[in-house]
Every structure is written in structure tokens, then in C-alpha cells.
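Visitor: Sequence:
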Amino acid sequence: DALISLDDYVAAMRPGQDAIYTITGDNLELLKKSPQIEGFRARGVEVLLLTDPIDEFWVTAVGSYKDKPFKSATRGGVDLDKIAPADQTEKPAKPEAPPKLASLIAIFKLALGEAVKDVRSSERLTDSAVCLVADEGDLDMHLERLLKQHRQLDASAKRILELNPQHPLIARLAASVGESGASEQLSEFAWLLLDQARIVEGEQLPDPSAFARRLATLLERGLPAA
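With my numbering, letter number 194 in the sequence shown gets 194, and the count goes up by one each step, no holes.
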């Protein structure tokens, strides 16, 4: 959370870390809470929080520093699995995913259809249930918003929805796969979680009324019978 020079950053890189990780945005406090950097923090990996609009273009133009490429923490190609946590020298064993996670992902993909580019399990999430990331070949999400604000970009790229396999909600949803009447409810959850990720990312919901309806239905189900 403090200022750091690029020299100090490179000197403090974790074993297995081969890039300088960045995240760009308008608000420093919101960047600190970004779900995309949870896994970095858990491994003691510094992420540069860049809030000046020029940073987005500068990082892209420079490309690297001391042979270490700049990489956005919000891109889908980030591989945290090879970086050992700060209190360990070796890579830890990967936690077991819920038994029906693959089936849950398949249901989410079917429900969301063309609304997302992909749905997949995440290595970067530790506390949040879901997050959005940009595909490796797409524009950084913040840069895309900047270009759209200045009318230099018309269409938005589809996002990848990542699920945290260790989150209690995702585990419970996976466990419910195959139960009677679960498919329709899981489809509703898919849309709710996608919209939740959009809100966290600061994106406008394409259908706020549908989100409100789904949320009201979910809250109603959680109330005891009158």
C-alpha cells in the first residue's frame, strides 16, 4: 500500500514470479479491494496500483523493466500456481476442487451463453466467490472503459467469469448439481454472480431490472415460511 520504485519491486519478486504485476483504475481504495489481486496478496506478490490515466498507456508502451514484462492482474493468462506463498519456499499442494465443479461450470456456461467468453475455475481468488477477467488477447478492462468514455472504442470484449472453487457458496452450488429442480436455480445463480462481478468491476448492468428480480426471488427463498 506504499510507494515503491521499480528497482525495489524487482528486487523483492517472489520465487517463481517472472513479471511485474499491475492493476489500473480510478480509485486507489477500490483497487486495494479488487478481487483479482486476492491471490497475489496471499502469495506476498506486490501488485502496482496505478490510478493515473496515463499509466495505462505508459505500461503498454514500455512493455517491460529489466527484462521483466508488465502484466495486468486482471488478465486471464496470469499463472499464480507457480509462485510460492510468502511464508513458504516451495509451491503448496493445490486444494481439492468440489467434486461437481466441472458440472457447475458447464451449467453456468450454458445459462450465460454469449454473455461471457468463458466460465472457469480461478486460482487468483481467495475471499470473493467470482470475478471478471479479460482474455489474454483482449484489452485491459480499465483501458477498454477509458477508450469507450472517449468514444475511441465502440464494442466491448466479452469477459471471462472466474469461480473460486474454495468459496463456500461455489462449493454449495456445486454440491447441488443433480438435485431435483436445481438446474433452473443454478442458472439464476449464474446470472446473479455475473452481475455481482460486473458491479464490483464498476460496469453498468445490461438489465438492472432482471438483476433486481433475481435478487428478490433469492431473498424470498431464504426467508422462513409465513
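No lab work stands behind these hints, which were simulated from the structure alone.
Computed from a predicted model, the values in this text were never measured in an experiment.
A couple of the hints might just be wrong.
[Unchecked claim] Taking lysine-lysine pairs in the PhoX-like style, the calculated list, with each CA pair at most 25 Å apart, reads:
id : residue 1 : residue 2
1  : Lys117    : Lys68
2  : Lys82     : Lys66
3  : Lys109    : Lys158
4  : Lys68     : Lys82
5  : Lys158    : Lys117
6  : Lys32     : Lys109
7  : Lys82     : Lys71
8  : Lys68     : Lys158
9  : Lys148    : Lys158
10 : Lys71     : Lys117
11 : Lys100    : Lys117
12 : Lys100    : Lys148
[Said to hold, decoys possible] Ranges of calculated distance between the beta carbons of each label pair, as one might list FRET restraints:
id : residue 1 : residue 2 : range
13 : Pro168    : Thr60     : 19 to 29 Å
14 : Ala61     : Ala157    : 12 to 22 Å
15 : Val10     : Ala42     : 39 to 49 Å
16 : Leu147    : Leu30     : 11 to 21 Å
17 : Glu136    : Val62     : 45 to 55 Å
18 : Leu3      : Ala225    : 36 to 46 Å
19 : Gln149    : Arg41     : 25 to 35 Å
A virtual CB, placed ideally from N, CA and C, is assigned to each residue, including glycine.
Visitor: Hint by hint, note whether the structure agrees.
Guide: Verification of the supplied hints:
For the hint linking Lys117 to Lys68, the alpha-carbon distance of about 29 Å lies beyond 25 Å, and the restraint is violated. Only pairs whose Cα atoms come within 25 Å are accepted, and Lys82 paired with Lys66 is accepted, the gap being roughly 21 Å. Using a Cα cut-off of 25 Å, the hinted pair Lys109 and Lys158 holds, with the two alpha carbons roughly 13 Å apart. Taken as a hint, the Lys68 and Lys82 pair is honoured in the structure, with Cα atoms around 16 Å apart against an allowance of 25 Å.
For the hint pairing Lys158 with Lys117, the CA-to-CA distance comes to about 5 Å; that is within 25 Å, so the pair holds. For the suggested pair Lys32 and Lys109, the alpha carbons sit about 29 Å apart, so the restraint of at most 25 Å is broken. Note on Lys82 and Lys71: the hinted pairing holds, with a Cα-Cα distance of about 15 Å set against a maximum of 25 Å. Proximity of Lys68 to Lys158 is assessed by CA-CA distance (about 28 Å); at most 25 Å being required, the pair is judged violated.
A hinted pair counts as satisfied when its Cα atoms are at most 25 Å apart, and Lys148 with Lys158 qualifies at roughly 14 Å. A distance of roughly 20 Å separates the Cα atoms of Lys71 and Lys117; the hinted pair therefore holds under the 25 Å criterion. Annotation: proposed proximity of Lys100 to Lys117 holds, straight-line Cα distance about 21 Å (limit 25 Å). For the given pair, Lys100 sits about 39 Å from Lys148 by alpha-carbon distance, which is inconsistent with the 25 Å threshold.
Checked against the hint of 19 to 29 Å, the pair Pro168 and Thr60 fails, with Cβ atoms roughly 38 Å apart. At roughly 21 Å, the beta carbons of Ala61 and Ala157 sit within the given window of 12 to 22 Å. At roughly 21 Å, the beta-carbon separation of Val10 and Ala42 lies outside the given 39 to 49 Å, and the hint is violated. Between Leu147 and Leu30 the beta carbon distance is about 20 Å. The supplied range of 11 to 21 Å therefore holds.
Against the hinted window of 45 to 55 Å, the Cβ-Cβ separation of Glu136 and Val62 comes to about 19 Å, which falls outside the hint. Separated by about 56 Å at the C-beta atoms, Leu3 and Ala225 break the suggested range of 36 to 46 Å. Judged by the Cβ atoms, the range 25 to 35 Å given for Gln149 and Arg41 holds: they are separated by roughly 29 Å.
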